[in-house]
Amino acid sequence: MIDRLSLYFQYPFVKYALLVGVLIALCCSLLGVTLVLKRFSFIGDGLSHVAFGAMAVAAVLNLTNQMLVVFPITVLAAVLLLRGSQNKKIKGDASLAMISVGALALGYLLLNVFSTSTNIAGDVCTTLFGSTSILTLNLGDVWLCIIMSVVVLVMFVLFYHKIFAVTFDESFAKATGIKADSYNLMLSVITAAIIVLAMKLVGSLLISALIIFPPISAMRVFKSFWLVMAASAVIAVVCAVAGMLISILAAAPVGATIVAVNIVVFLLFSLFSVVVLKQ
Amino acid sequence: MLQLKCQDVSLGYEGKTIIKHLNFQVGAGDYLYIVGENGTGKSTLIKTLLGLRPPLEGEIEFADRLKPTEIGYLPQQTQIQRDFPASVWEVVLSGNLNTTGLRPFYKKAEKERAEMNMEKLGILDYKKRCYRDLSGGQQQRVLLARALCATGKMLLLDEPVAGLDPKITNEMYELIQKLNQEGITIIMVSHDMAAACKYADHILHIAHKPLFFGTKEDYLKTDTGKAFTELVKMEAIGEDEDD
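Chains as they are written, first to last, in this note's numbering: chain W, 1 to 279; chain V, 280 to 522.
Pulled out of the complex, with its shape left as it was, chain V reads as follows (with noise of 0.2 Å):
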């Protein structure tokens, strides 16, 4: 079924257009990756999705009875929050204020929701921990978790991977792939190509103008796709001489 359509979509701000003619739909559990270079309209094109700011041109459709503020989001993590004094239970509840409105509280079924996230994610015994003493990964399946209480239906993940090391960057990706197997609908914001050729269903490429969108098989026939792989070959060869 149909999540999300984006017809003949321009983007950009202060009337600087960054993308022209962007096409794509996002159909429920599939998992696209986004692709592109750093500074190609990849942060305007989450902040569009999120409804934070209208497109220039064309229309972002909304199907399956999905709003904007019900796409759980991820966002990269910011400085201000590595010495936060706030605990994981209080980050895990606040991914339901989508719901709550003016209301000055959380339900019981609010809270239920938060419990139940932590525990599908294996953090439930941190409830109490002080989220600036967690690990890098551990911060990350909590903020996961606060964005799984947002939605039950699509996740918007922006470079969930950064700065983390190979073995939970590997655990994290796991996650995310469990996640969509139980029907939840993700979009993966990376320029980790080896990861999207790995995990993704569907690959839309942008650099400035879409290169491409469409299945992951046939991302990789297409010359950009080739020569991405290539690339991702030659970076580990050259990874592998270092050691």
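Looking at chain W on its own, in the form it has when it is part of the complex (with noise of 0.2 Å):
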């Protein structure tokens, strides 16, 4: 196994995979313990589904560059959403629904009219679920990817406390003169950057499991912000690691492996939680 393994890691796609692998697995479970304690869970799954129609459009324009499509729209969507959740005409989970399911039907509608592949079934597959896209990245996407691990990481060692604050309680926050919602719109920009970007690695339908497993398996466990954080980051980290050691070895989808094993990890710190801390 350990020679398999060794001939796998000759290749240079194969370390670039982990990397990026490991990279976006922690960005997303450092926004996810404040998307999940702010009720946010599903914007991640409403903008990758977003992602996803930008990303048909895209294709249908025949555009090299993709991104430059999907990650303005995908950005666009995210700003619109946390302004709906304070709109009340449509409540913030419907409206929510709405922009996810209709890009998604948008998306694969226009995918199937206009597009020119002569694989489409293959081509959605891979959108949606990630399968082998993550081991098709080049030397460009493994960079960008870096750079915004270390914005993200740079924006929570600087703002920590602040983003405590308005994540507890926002009232209080902004009658202490923080701008809670600047870092609304801060975290909800970065979100929808990662999203884009994670889509390489899980595909759009699998991203939010990327946000939400870490955060609340460690939940389960630990009682302060700076433990759930911390914890969330290293089960997000292992998780991936071992889920594409595991893919790369079964001969398994990337993506549905790394969602499996923090299915699996959720579940052992659910059981650790009613054994154990008896709550």
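None of these hints come from the bench; they were simulated from the model.
Check each hint, because a few of them may be wrong.
Said to hold, decoys possible - Negatives, chain V to chain W, calculated, CB over 10 Å:
| id | residue |
| --- | --- |
| 1 | 286 |
| 2 | 304 |
| 3 | 459 |
| 4 | 460 |
| 5 | 480 |
| 6 | 493 |
What the hints assert, rightly or not - Using 30 Å as the maximum straight-line C-alpha spacing, the simulated BS3-like pairs for lysine-lysine come out as follows:
| id | chain 1 | residue 1 | chain 2 | residue 2 |
| --- | --- | --- | --- | --- |
| 7 | V | 390 | W | 223 |
| 8 | W | 179 | V | 495 |
| 9 | V | 505 | V | 477 |
| 10 | V | 386 | V | 457 |
| 11 | W | 179 | V | 432 |
| 12 | V | 477 | V | 495 |
| 13 | V | 386 | V | 446 |
| 14 | W | 223 | V | 399 |
| 15 | V | 390 | W | 38 |
| 16 | V | 299 | V | 477 |
| 17 | V | 399 | V | 495 |
| 18 | V | 457 | V | 390 |
| 19 | V | 495 | V | 326 |
| 20 | V | 457 | V | 284 |
| 21 | V | 387 | V | 457 |
| 22 | V | 346 | V | 390 |
| 23 | W | 223 | V | 386 |
| 24 | W | 179 | V | 390 |
| 25 | W | 179 | V | 284 |
| 26 | V | 446 | W | 223 |
| 27 | W | 179 | V | 386 |
| 28 | V | 500 | V | 284 |
| 29 | V | 407 | W | 278 |
| 30 | V | 406 | V | 386 |
| 31 | W | 38 | V | 407 |
| 32 | W | 38 | V | 386 |
| 33 | W | 223 | V | 387 |
| 34 | V | 284 | W | 38 |
| 35 | V | 432 | V | 495 |
| 36 | V | 387 | V | 432 |
The C-beta atom is built at its ideal place from N, Cα and C for all residues, glycine as well.
The task is to assemble the complex, starting from two chains supplied on their own in separate frames and drawing on the hints.
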């Protein structure tokens, strides 16, 4: 088994995949803690569907650099969704569901009607579930991921206490002079950016698993914000590495395997919290 | 000494006026109750006092070197907080954020301040406990300690006893009174008239327009004051009959 792994790791694309996978999982888990606690778990899901729709538009337009379309549309959707959750005309969850399935349907429609590709089903499946696209990363993708991860980490280090305050109690944070709306905007824009990157790793349907599972597992056991953050990051990295190694050895789809490992960890943590901590 | 003065202020949002011609002032060490039915502009007034929303007309003046961000605010609890994984220490410490600016860490003095306020409110033993595991009364003490970290002068409390049982409610009122006696100005937003009559020295009664501002003694002589106290008595009788 070790022999087989070391054979695989001679290829640069396997190393790239592992590096990018770990970085994306790390960023998703950190953002996930605040998103889950603010009851915004589904924003990740909605945004990933929007990113899928945008990807379909880019594919139909035959753009060489799809990011130019996907990135701005997803960021815009993130901003609108956050605004929407404060607007009471259409309830937050309903507008989210509307945008989410709407983008999915329109994306699939566009791909079917206008696409020049001969393997539409394969293309759709790759975008939705990631399958092998993580093994086709080029050096540019890897650098983009490294830069984005550094941005996310620096943001969390510099603004950790403010992010805590805004997540725990927005009214109080505003009263003490913290620009809570700016922090919310910053978090949602960065979430959108990470989701666009993560599409290559796990595909757009499974991204929210990377956002939700590590924080939820961590919250079952740990009882301070700091420990939940740290544990969530560790869980995400361990699950990403384990999932990718297993998928390479078992020739399983990468994204789905990572999510499966996350589910197992969640069940173990839940069991621990019930049996040992008696919660 | 005067700390805060509202002169002919109109409040509202999106061009809609909720209260007009609001006049009142708060001096250092005062205990002001803001009373009134729900939906009459109490929460808009809170937001305006905290500097989160400009008044439509008029001006709110701060004196005694008090800034809106230095008012210690105790907001109503949200659903999010009830199952939030945060230690008591993390919550109380976050009260210092109005002095940290862009600095990403807390200084020693700020940590000592947090410890001092926890000791004052008798929650130092819970320092490492999880906020969500505490009882309602203990949680309010934690939030009060956090508010004290943000201020040395004025506390603004929004329905601080909502959802607490009578015994804990009393303890909370006594605690707030103790803080007031130590020199901290209290602005309490509430519709607990019985408590207002017991603890306040000034009362501001609003109902879309300012009905009354003045001392408690004068308030109890007005028609609304009398009506309210009658109501309180009747409610008390009603509750007795229920038992």
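Hint consistency between residue 179 (chain W) and residue 495 (chain V) [alpha-carbon to alpha-carbon, up to 30 Å]: violated (37 Å)
Pair hint residue 406 (chain V) and residue 386 (chain V), alpha-carbon separation not exceeding 30 Å: Given pair residue 406 (chain V), residue 386 (chain V) holds - Cα atoms ~18 Å apart, limit 30 Å.
Satisfaction of hint between residue 284 (chain V) and residue 179 (chain W), Cα-Cα up to 30 Å: holds (25 Å)
Claimed clearance of chain W by residue 480 (chain V), with the beta carbon kept past 10 Å: holds (24 Å)
Hint consistency between residue 223 (chain W) and residue 387 (chain V) [alpha-carbon to alpha-carbon, up to 30 Å]: holds (24 Å)
Satisfaction of hint between residue 390 (chain V) and residue 346 (chain V), Cα-Cα up to 30 Å: Cα-Cα ~22 Å, so holds.
Satisfaction of hint between residue 495 (chain V) and residue 399 (chain V), Cα-Cα up to 30 Å: holds (28 Å)
30 Å Cα cutoff - pair residue 457 (chain V), residue 390 (chain V): holds (23 Å)
30 Å Cα cutoff - pair residue 38 (chain W), residue 386 (chain V): holds (28 Å)
Residue 299 (chain V) paired with residue 477 (chain V) [C-alpha distance capped at 30 Å]: holds (28 Å)
Restraint status (C-alpha distance of residue 284 (chain V) to residue 38 (chain W) at most 30 Å): Judged against 30 Å, a Cα distance of about 36 Å means the pair is violated.
Residue 286 (chain V) non-interfacial with respect to chain W [C-beta, more than 10 Å]: Check passes; 22 Å lies beyond 10 Å.
Against the hints set out earlier in the document, violations occur for numbers 8, 13, 34.
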